[in-house]
Amino acid sequence: RKEVEQDPGPFNVPEGATVAFNCTYSNSASQSFFWYRQDCRKEPKLLMSVYSSGNEDGRFTAQLNRASQYISLLIRDSKLSDSATYLCVVNSYSSNTGKLIFGQGTTLQVKP
Amino acid sequence: EPEVTQTPSHQVTQMGQEVILRCVPISNHLYFYWYRQILGQKVEFLVSFYNNEISEKSEIFDDQFSVERPDGSNFTLKIRSTKLEDSAMYFCASRGLGGTNEQFFGPGTRLTVL
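Just so you know, the sequences run in chain order A and B.
Counting from 5, one number per residue, gives the positions in the first sequence under this note's numbering.
Counting from 16, one number per residue, gives the positions in the second sequence under this note's numbering.
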């Protein structure tokens, strides 16, 4: 089983749509969870951290279900500029290195 | 806003040659990382570095790879004898203590091995 698994997509949605991405992780020792955004041939950039209580940042809402080892990202009112690859990322402290484990990424294409 | 910088942005080399990729992490950060991303694939962890030593390395990080922090600002990745399969984007990242444990990534070096 992959350590972090995502549906690669692509998700093609019209502007203004709501889109949801899901992710599962295999290591129950994972302690920190993130969504990163990656534009083509660029570095990953943190979109938001994901907390157990769920958290929201503007049009973006992230949820974590530790029991199911499941993370989600909801984007409301999609903009053309949201087109990118969204990376589900977990961070295990089992060895105290803080290394990040990335999913394959889910590609979003927002069309006018 | 402080940022991680990397040089060069693109490195082309012949198979068997040595390359050194350079990174300047954010100045007050203490943890440093190298990741790589082969075209079309996911980002993969290579190595983490803390307190002037390697704290963890992946299976990819074999004897051909080494890291160094030669001074107070630079963090380098050396590949001794490059192979075709080393062609990838190499990202440096750093993080500070506490907070959300966010890692900040540099813009990457695209390594092409011919």
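One or more of the hints may lead you astray.
[Stated by the list, open to error] Computed Cβ-Cβ distance ranges for the label pairs, DEER-style:
1. Tyr65(B) / Leu50(A): 32 to 42 Å
2. Asp78(B) / Asp81(A): 27 to 37 Å
3. Gln35(A) / Ser42(B): 24 to 34 Å
[Stated by the list, open to error] With a cut-off of at most 30 Å between alpha-carbon atoms, the simulated DSSO-like pairs for lysine-lysine come out as follows:
4. Lys83(A) / Lys49(A)
5. Lys115(A) / Lys72(B)
6. Lys83(A) / Lys93(B)
7. Lys57(B) / Lys83(A)
8. Lys72(B) / Lys98(B)
9. Lys98(B) / Lys46(A)
10. Lys98(B) / Lys115(A)
11. Lys115(A) / Lys93(B)
[Said to hold, decoys possible] Over 10 Å on every C-beta distance to chain B, these chain A residues come out as not near it, computed from the model:
12. Val23
13. Ser36
14. Gln42
15. Arg45
16. Lys46
17. Pro48
18. Gly62
19. Asn69
20. Ser87
21. Leu91
22. Thr101
Everything labelled a hint here was simulated from the structure, so no lab data went into it.
We treat Cβ as the ideally placed atom computed from N, Cα and C, and that holds for glycine.
* To do: Would you mind confirming whether the straight-line C-alpha gap from Lys57(B) to Lys83(A) stays at or under 30 Å?
  => holds, 25 Å
* Asked: Just checking, Leu91(A) versus chain B, shortest CB gap more than 10 Å?
  -> The claim is violated: Leu91(A) sits with its nearest Cβ about 7 Å from chain B, within 10 Å.
* Asked: Would you say Gln42(A) is clear of chain B, with no C-beta pair closer than or equal to 10 Å?
  -> violated, 8 Å
* Quickly compare the C-alpha distance for Lys83(A) and Lys49(A) to 30 Å and report which way the hint goes. => Measuring from Cα to Cα gives roughly 18 Å; hence the hint holds.
* Far enough from chain B: is every CB of that chain over 10 Å from the CB of Pro48(A)? -> Pro48(A) is in fact no farther than 10 Å from some Cβ atom of chain B, at 5 Å.
* Asked: For Val23(A), which was marked as not at the interface, is the minimum beta-carbon distance to chain B over 10 Å?
  -> For Val23(A), whose nearest Cβ neighbour in chain B is about 21 Å away, the distance exceeds 10 Å, so it holds.
* Holds or violated: are the alpha carbons of Lys98(B) and Lys46(A) at most 30 Å from each other? -> With Cα atoms ~23 Å apart, Lys98(B) and Lys46(A) stay inside 30 Å; holds.
* Any Cβ of chain B at or closer than 10 Å to Ser36(A), or is the non-interface label fine? -> Check fails; 5 Å does not lie beyond 10 Å.
* Ser87(A) remote from chain B - nearest C-beta pair above 10 Å -> holds, 18 Å
* Assertion that Gly62(A) lies farther than 10 Å from chain B (Cβ) -> About 17 Å separates Gly62(A) from the closest Cβ of chain B, which puts it past 10 Å; holds.
* **Hint check for Ser42(B) and Gln35(A) - Cβ pair distance inside 24 to 34 Å** => holds, 27 Å
* Can the restraint linking Lys83(A) and Lys93(B) be considered satisfied, given a maximum Cα separation of 30 Å? -> Given that 30 Å is the threshold and the Cα spacing comes to 41 Å, the pair is violated.
Hint violations for this structure: numbers 1, 2, 5, 6, 10, 11, 13, 14, 15, 16, 17, 21, 22, all remaining hints satisfied.
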